[in-house]
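Colleague: Single-letter residue listing:
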Amino acid sequence: MNPDIYKEKLIHTGAEASLYLGKWFDKIVLFKHRIPKKYRLEEIDNKIRMERTLNEGRALIKVKNYGINVPQVYEIDSQNATIIMGYIEGRKLKNLIGILNLSKKEKIFKEIGIMVATLHKNGHIHGDITTSNLIVTNEGNIFLIDFGLHEYSDTVEDKSVDLHLFKRVLISSHGSNYKVCFNAFLESYRTEYEKFDLNESKSIIKNINAIETRGRYVKSEDRM
Amino acid sequence: MKKYCLGIESTAHTWGVGIVSFGGEDSTLINKTFVPEKGGLHPAMIREHHLNCFSDVISEALLEAKLSIKDINLIAFSQSPGLGPVLKIGALVARMISQILKVPLVGVNHCVAHVEIGRLTCNIQDPLTLYVSGGNTIVSAYESNRYQIFGETLDLAVGNMLDSFARDAGLSHPGGPKIERLASNSKKYIQLPYAVKGMDLSFSGLYTAAKRLLDAPEFNDKYTLDDVAHSLQETAFAMLTEVTERALAHTEKKEVLLTGGVAANKRLQQMIQYICDEHNARFEAVPLKYAGDNGAMIAWTGILRFLSKGRHEINETIIKPKERMDQIEIPWRIEE
Numbered sequence: 050m051n052p053d054i055y056k057e058k059l060i061h062t063g064a065e066a067s068l069y070l071g072k073w074f075d076k077i078v079l080f081k082h083r084i085p086k087k088y089r090l091e092e093i094d095n096k097i098r099m100e101r102t103l104n105e106g107r108a109l110i111k112v113k114n115y116g117i118n119v120p121q122v123y124e125i126d127s128q129n130a131t132i133i134m135g136y137i138e139g140r141k142l143k144n145l146i147g148i149l150n151l152s153k154k155e156k157i158f159k160e161i162g163i164m165v166a167t168l169h170k171n172g173h174i175h176g177d178i179t180t181s182n183l184i185v186t187n188e189g190n191i192f193l194i195d196f197g198l199h200e201y202s203d204t205v206e207d208k209s210v211d212l213h214l215f216k217r218v219l220i221s222s223h224g225s226n227y228k229v230c231f232n233a234f235l236e237s238y239r240t241e242y243e244k245f246d247l248n249e250s251k252s253i254i255k256n257i258n259a260i261e262t263r264g265r266y267v268k269s270e271d272r273m
Numbered sequence: 024m025k026k027y028c029l030g031i032e033s034t035a036h037t038w039g040v041g042i043v044s045f046g047g048e049d050s051t052l053i054n055k056t057f058v059p060e061k062g063g064l065h066p067a068m069i070r071e072h073h074l075n076c077f078s079d080v081i082s083e084a085l086l087e088a089k090l091s092i093k094d095i096n097l098i099a100f101s102q103s104p105g106l107g108p109v110l111k112i113g114a115l116v117a118r119m120i121s122q123i124l125k126v127p128l129v130g131v132n133h134c135v136a137h138v139e140i141g142r143l144t145c146n147i148q149d150p151l152t153l154y155v156s157g158g159n160t161i162v163s164a165y166e167s168n169r170y171q172i173f174g175e176t177l178d179l180a181v182g183n184m185l186d187s188f189a190r191d192a193g194l195s196h197p198g199g200p201k202i203e204r205l206a207s208n209s210k211k212y213i214q215l216p217y218a219v220k221g222m223d224l225s226f227s228g229l230y231t232a233a234k235r236l237l238d239a240p241e242f243n244d245k246y247t248l249d250d251v252a253h254s255l256q257e258t259a260f261a262m263l264t265e266v267t268e269r270a271l272a273h274t275e276k277k278e279v280l281l282t283g284g285v286a287a288n289k290r291l292q293q294m295i296q297y298i299c300d301e302h303n304a305r306f307e308a309v310p311l312k313y314a315g316d317n318g319a320m321i322a323w324t325g326i327l328r329f330l331s332k333g334r335h336e337i338n339e340t341i342i343k344p345k346e347r348m349d350q351i352e353i354p355w356r357i358e359e
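Heads up: the protein sequence lines correspond to chains A and B, in order. Convert by adding 49 to the 1-based position in the first sequence; the result is the number in the working numbering. Convert by adding 23 to the 1-based position in the second sequence; the result is the number in the working numbering.
This is chain A alone, in the form it adopts within the complex (with noise of 0.2 Å):
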């Protein structure tokens, strides 16, 4: 053990993991801490614990070079299933969207839209944006985090399914500000990845729409 790396206090438990917060050297940082679930057989819990620390830690790596705020990972241990990272102060978005005027709101989301098509011109699916995986610092800076289902995929697929997950969350958790909000997110994403590859945008915000008439449950006269 390292006398300079060590946890001083828990500071959440959440679904997958448990947060401490805690030193490294000089740093504070954070502990994220996958923890074994009970539930499930060890055979499955430890290599989707292995598996997800190593790709987060990786992702969140890779992504940083494309000037996305994400945390920076100072160590990965995949044995305990533990990353240390630097720690983020600031709130949730899912606690801000009712608080913050319209105009705050769209200047977030358009944030957004422009870090989520960088990761995706890049070649990389976040899997799990929701309001609760955005941060927002005191400074009003924008942290994305929780890279536990990322993937990498250059398919219009892909990009389209983060980003109609993304509309799913919205709408299930923050209804009355759904389409103030996505329609910020998507108009800023567009403009971004246009940049990038004009047809391929394109393709991606037309292809939301094919996935959730794809869905169960949908009527057919909602069908394309």
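Hints may be right or wrong, so weigh each one.
[To be verified] Here are the computed lysine-lysine pairs in the BS3-like style, where the Cα-Cα straight-line distance is at most 30 Å: (1) A:Lys87 to B:Lys125; (2) A:Lys255 to A:Lys111; (3) A:Lys251 to B:Lys345.
[Stated by the list, open to error] Some but not every residue of chain A turned toward chain B, in silico, with C-beta under 10 Å: (4) Arg140; (5) Lys143; (6) Arg217.
It is worth saying that the hints were derived from the structure and are not from the lab. Model, not experiment: these values are computed from the prediction. Yeah, the Cβ is synthetic: ideal placement off N, Cα and C, and Gly gets one too.
Given chain A's structure and the hints, the job is docking chain B onto it.
Modeller: Here is chain B on its own, set in the frame of chain A:
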């Protein structure tokens, strides 16, 4: 005089009739379920089955409730979602009785009914619901006046997947309980694909992989059917539990309801109980009688709708085979 609603369930292979009092304190239900001699469920054969038994089941339910058809004040029927030809029989019978008796008629969404009967029978207020059956796999919770869907299967329903696998393994319908029994004999886990996408699930790859294990030359040599059943069940239920836990953390609900035919599985109950304990949420599995498809849940949901928003006119009773539970507003919970 107490008022009663007669509810008709006819979305899939069960023809169910339930009679429930307007206060919800008395309920009777009779089910008649079509079981195919071989193969899966063919809509035309289910339709035939329901047409042959509908009136007997209604009489039987009235007899058991010690009521006459004249004591019925409201008719409810499953209007959505389900197999078109089968939904039509329920709608037809409901319209007919309503017109003969001159009592109001109400159409009900089957998935919403599963949640509502669970809230009534388990005395639960505002649950996150995991609804798992042969036709549906949905994680939902009440938000903005709807039962919002947080997670669902992208392809097969989990019950359908288990039944199909059982059929491939030569087990008779329904396969779920048989797989549960076989699985309990094994402790050997064979790696199978685990597909969780955000809060959504996919079972088709898992099904194909398990089926391949049955066809492989090592079958009955290196592993047995018990081992495959165990591995399949463990993987599928771990996926279900993971998305339920994610939705629980996201919605911060304090109660979890497990319902649908697959809710009877003890292993699944154990897994969901485990995450509820971790999140300090109360866990309830709907009693088997009310967890599977039945008429009482339709009757009860019909009463809720009738008391809050009134009857449906006859032209509003067209069946909607594809209606999702998050497409409709829930008027009886609006004051919350």
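Colleague: All hints are to be evaluated individually against the structure, with a verdict given for each.
Modeller: How the hints compare with the structure:
no. : hint                 : result
1   : A:Lys87 to B:Lys125  : 56 Å, violated
2   : A:Lys255 to A:Lys111 : 28 Å, holds
3   : A:Lys251 to B:Lys345 : 29 Å, holds
4   : Arg140               : 15 Å, violated
5   : Lys143               : 8 Å, holds
6   : Arg217               : 8 Å, holds
Hint compliance for this structure: hints 1 and 4 are not met, and every other hint is.
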